[in-house]
Amino acid sequence: MAKIVSLPQAVSELVRDNDTVALEGFTHLIPFAAGHEIIRQGRRGLTLVRMTPDLVYDQLIGAGCASKLVFSWGGNPGVGSLHRMRDALATGWPVPLEIEEHSHAGMANRYVAGASGLPFAVLRGYAGTDLPEHTASISSVTCPFTGEELAAVSAVNPDVTIVHAQRADRSGNVQLWGITGVQKEAVLAARRAIVTVEELVDELTPVPGAVVLPTWVLDAVAVAPGGAAPSYAHGYYHRDNTAYREWDAISRDREAFTRWLKSVKEAGA
Amino acid sequence: MTSQTGTWSTDEMMTIAAARSLHDGQACFVGIGLPSTAANLARRLHAPELVLIYESGTIDTRPDELPLSIGDGNLADSALTVVSVPEIFNYWLQPGRIDVGFLSGAQLDRMGNINTTVIGEYDEPDVRLPGSGGAPEIAASCREVIVVMRHKLRAFVESVDFVTSVGYGDGPRDRGLLGLRGAGPVQVITDLGMLEPDPETFELVLTSLHQGVSIEEVRAETGWELVVTADLKITTPPSVEELTTLRGMRTVGSSDRRDPPSGTAATRSVGIGVGVGVGEDAP
Numbered sequence: 523m524a525k526i527v528s529l530p531q532a533v534s535e536l537v538r539d540n541d542t543v544a545l546e547g548f549t550h551l552i553p554f555a556a557g558h559e560i561i562r563q564g565r566r567g568l569t570l571v572r573m574t575p576d577l578v579y580d581q582l583i584g585a586g587c588a589s590k591l592v593f594s595w596g597g598n599p600g601v602g603s604l605h606r607m608r609d610a611l612a613t614g615w616p617v618p619l620e621i622e623e624h625s626h627a628g629m630a631n632r633y634v635a636g637a638s639g640l641p642f643a644v645l646r647g648y649a650g651t652d653l654p655e656h657t658a659s660i661s662s663v664t665c666p667f668t669g670e671e672l673a674a675v676s677a678v679n680p681d682v683t684i685v686h687a688q689r690a691d692r693s694g695n696v697q698l699w700g701i702t703g704v705q706k707e708a709v710l711a712a713r714r715a716i717v718t719v720e721e722l723v724d725e726l727t728p729v730p731g732a733v734v735l736p737t738w739v740l741d742a743v744a745v746a747p748g749g750a751a752p753s754y755a756h757g758y759y760h761r762d763n764t765a766y767r768e769w770d771a772i773s774r775d776r777e778a779f780t781r782w783l784k785s786v787k788e789a790g791a
Numbered sequence: 556m557t558s559q560t561g562t563w564s565t566d567e568m569m570t571i572a573a574a575r576s577l578h579d580g581q582a583c584f585v586g587i588g589l590p591s592t593a594a595n596l597a598r599r600l601h602a603p604e605l606v607l608i609y610e611s612g613t614i615d616t617r618p619d620e621l622p623l624s625i626g627d628g629n630l631a632d633s634a635l636t637v638v639s640v641p642e643i644f645n646y647w648l649q650p651g652r653i654d655v656g657f658l659s660g661a662q663l664d665r666m667g668n669i670n671t672t673v674i675g676e677y678d679e680p681d682v683r684l685p686g687s688g689g690a691p692e693i694a695a696s697c698r699e700v701i702v703v704m705r706h707k708l709r710a711f712v713e714s715v716d717f718v719t720s721v722g723y724g725d726g727p728r729d730r731g732l733l734g735l736r737g738a739g740p741v742q743v744i745t746d747l748g749m750l751e752p753d754p755e756t757f758e759l760v761l762t763s764l765h766q767g768v769s770i771e772e773v774r775a776e777t778g779w780e781l782v783v784t785a786d787l788k789i790t791t792p793p794s795v796e797e798l799t800t801l802r803g804m805r806t807v808g809s810s811d812r813r814d815p816p817s818g819t820a821a822t823r824s825v826g827i828g829v830g831v832g833v834g835e836d837a838p
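Chains D and Y, in that order, are what the protein sequence lines are. Following our numbering, the numbering of the first sequence begins with 523 at its first residue and continues without gaps. Following our numbering, the numbering of the second sequence begins with 556 at its first residue and continues without gaps.
Isolated chain Y, as found in the complex (with noise of 0.2 Å):
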């Protein structure tokens, strides 16, 4: 995309997107991937008192490379403490402490269910995919929970063929009844735009569009009838700073910064890792 400040790809619309809707002072327990590279982003921006956490025990920690997996050596040094790995499920997950869940998948569906676990069916499945992982206690236990992924026709789907990790069930009453205490997912941040669960229903609506996508566009890479909300908006473009400070962020063990992009929407930036910890994976 290309406006006065320049031009971007759909990844990083999608990155600072996700970076904006963590807040300062928040915390966040992060998966790796897209979530990971949101939330250094937003640490880097306007949210530096972001505490950081996750799921290999590391609490409060401020990486200056971005990791390669859940465990790097970085991710301890900077930590503020370092925990076992019970600990940090049975004592800073499990009782509600972490403000945000940070999540990414391979399927999400129209009720905000996710599925690391299979394509197809679970004994003999069309793609293997890594597993839960950390991901089905964050997004049952944060009280909040935001999901970061490519808006993919195969990823958003009418229903996922597992459920790995619980979005609203099958409708507003399931996670009461289920017993899981956090809101569940709040948002849902692609790179075509934004959505959000109806305050009725709590079916995931288009609440967002990323500048120069369309609602067509948006519709054609989602698998059940996408609701629009009346007051849709236009997701601000990014800003200079937020796009120079993504570019300038390194992952660990890589020699190259973040390419600028070189033009379109249909631009897709590499080198955002995927497919660790709770992330997505690609089959």
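Just chain D, same shape as in the assembly (with noise of 0.2 Å):
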């Protein structure tokens, strides 16, 4: 059963040193004040799985929290490139990241298998390209049956999972909708799971297309009114896309970026 706490209990007590963590939200409900708050904790040595890190995933990386990168595509959606990314790659600046690149089908089916309590899944992917050599999580398998050759990808079971949700109830079984991504298959994967909400509710209406969590799949739950913000959350608030755009100046400069991140380390205080 999920608990109701603060985000700043959740993180400290599911969040460990040396975790793999994917905060997961693919364009929407991306889970922005959980990963802030893993900024002002100081956690170290993370491995962070997502599709497309996003500026999450560039401001973590920045902050000196990640080891470790596992995703599919890493840029800024319609600006550019991620630079905080781009220069701990390069010079290790704050500490050193390892990739581990995959393509979107890929992680998918990587997260599939990851909550089907599978080792890997199986796809019709990567087929000639360049990846496979680069990625030990990308192999190949024999079609017991036809014998057709086919895409093996070994499952992720991150440590934590994050996501962000529209609403709970106050038992904490989640309801998020629109864009659904891979969030469901992300939390089934996962040891063990934080939800973020924009707001308890007494009842969870049916809403079409929906994706419903039950609290027992879950550890915690923790309201974060515009916890998804500067991406979007369906029904509650816009995408801020100016805030997207901006974001390529402030993480170009590491003066800026570390002006940020003491604005975002005093928003907690």
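If you're looking for bench data, these hints aren't it; they were derived computationally from the structure. This one's a predicted model, so the numbers in the text were calculated from it and none came from an experiment. Don't take every hint at face value.
[Said to hold, decoys possible] Stretch by stretch, here's where chain Y covers chain D in the computed footprint (C-beta under 8 Å, at least three residues):
#1 527-541
#2 583-591
#3 631-639
#4 674-687
#5 698-706
[Said to hold, decoys possible] Lysine to aspartate or glutamate pairs mimicking DMTMM-like chemistry, simulated, CA-CA at most 20 Å apart:
#6 K788/Y - E751/Y
#7 K590/D - D678/Y
#8 K787/D - D775/D
#9 K590/D - E679/Y
Glycine included, C-beta positions come from ideal geometry on N, C-alpha and C.
Combine the two chains into a complex, taking the hints into account.
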């Protein structure tokens, strides 16, 4: 059963140094507030898993929280590059970063395998590309029925997955809708799961296409209004495209980023 | 460029030519940036029943404004249905249900292979690009692929530094040997002209020039000995309707419409998104 706790308490109790951590949300419902709390609590040595690292992992990498990044598309959507990620890879600032790079289809299937309790997933993917020679979690498997050779990717089972959702009831059952990405798989693949929500409600009114995560597969639910900004929460607020554009200048410059980092740390004080 | 229909930029010609390549009723898996602009233009012009699919899981989406990212809220709001990311790749893309994959890239080579991963060596690259996104499997599994990208010498290379998405590999037999079931890149549309694979060698050759562009200009921006087909065509210039519709399209969250360009073939209009999803990325 999920406990309803504060976000600082959830991160303090459930996210540990050197954990493999997945903060998921495909463009929509990206758990920024939780990422900032991890920065404030100074976690180190994390393996960060996310299909699209987005600004949230650029921030965690720049803050020195990560030693490894597992991903499939690492850019600032609609804008350009993630400069903190690039800087860490090129110069090791502020700490060295390893990468494990996949395609979206590969990463999605790694979560599916993790959620399904299987050691790997099978897909038609990667054939003829240069990725398998650089990524150890991509291999191949022969179909026992047809003899066809197919791609195999190892399961991802994060120590902790964090997602953001529109709402939860007071028992900690969670409901999210709109573009729901790979959040269900990322939560079910994880050993521990935290969900931040826009609001707590008495009853979860059904919404077409919604994903519901029962309280008994979660460890903590924390109320964090606006917790997905500058990404968006469908039905609550829009994506702040200006903030995405402005991140480019902050991220390009270590000093500007350091000032941003100070403001995040102070915001929690 | 100027003609009796007015003035347009090379980017506008590219986007309009790309839009024309999509047919009504097709299902199209759309990368963000140039492909997304062109696909949404096609839907507003000759292909109202074009089914647009984005990797965020939105199927048959009809956004009023152009999305900035592949997962903007207006894609979900206007979609026939929204499915999960594992589902969009496993159930919709992988079995070969999608007619056209619409891609861009940072590098494209003479065999239509695309690089969106690194310029230089993988471990110590000159430029690290965003990576694969959905592109490798889009390039593998769509019935055919259309590539839209600006024609630059640094981008149109003899051989890509990293194969992110396979075109024709090293030659005509490679797609079959690799088990790739789609036909591969049947057309490359640039701001200078259009290329198609030679029927024998599958090497990309110049099949059409946009009005006012010379073969020499295209060769100067191409990193291989570009072959020109015997029946080289001149791309039909944009119509007033095409230009007006394109210029009336807005990107979500931006206040300005596309400005009409001020003149020459060298004009580059701004505001066409780049760098997202499977799109190109300016290093």
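Evaluation of the provided hints:
1. Note: the region 527-541 of chain D has 0 residues with beta-carbon separation from chain Y under 8 Å; the three-residue rule is not met and the coverage is violated.
2. Chain Y is given as covering the region 583-591 of chain D, and this is violated because 0 residues of the stretch bring a CB closer than 8 Å to a CB of that chain, at least three being needed.
3. Only when three residues or more bring their CB closer than 8 Å to a CB of chain Y does the claim for the region 631-639 of chain D stand; here the count is 3, and the claim holds.
4. Check result for the region 674-687 of chain D against chain Y: violated, 0 residues qualifying (beta carbon to beta carbon below 8 Å, three or more required).
5. Taking a C-beta to C-beta cut-off of 8 Å, the region 698-706 of chain D contributes 6 residues in contact with chain Y, enough for the three needed, and the coverage statement holds.
6. A C-alpha spacing of about 12 Å is found between K788/Y and E751/Y, which places the hinted pair at or below 20 Å, so the restraint holds.
7. Of the supplied pair hints, the one linking K590/D and D678/Y holds, its CA atoms being roughly 14 Å apart against a limit of 20 Å.
8. For the suggested pair K787/D and D775/D, the alpha carbons sit about 18 Å apart, so the restraint of at most 20 Å is met.
9. At most 20 Å may separate the alpha-carbon atoms for a hinted pair to count; K590/D and E679/Y meet this at roughly 16 Å.
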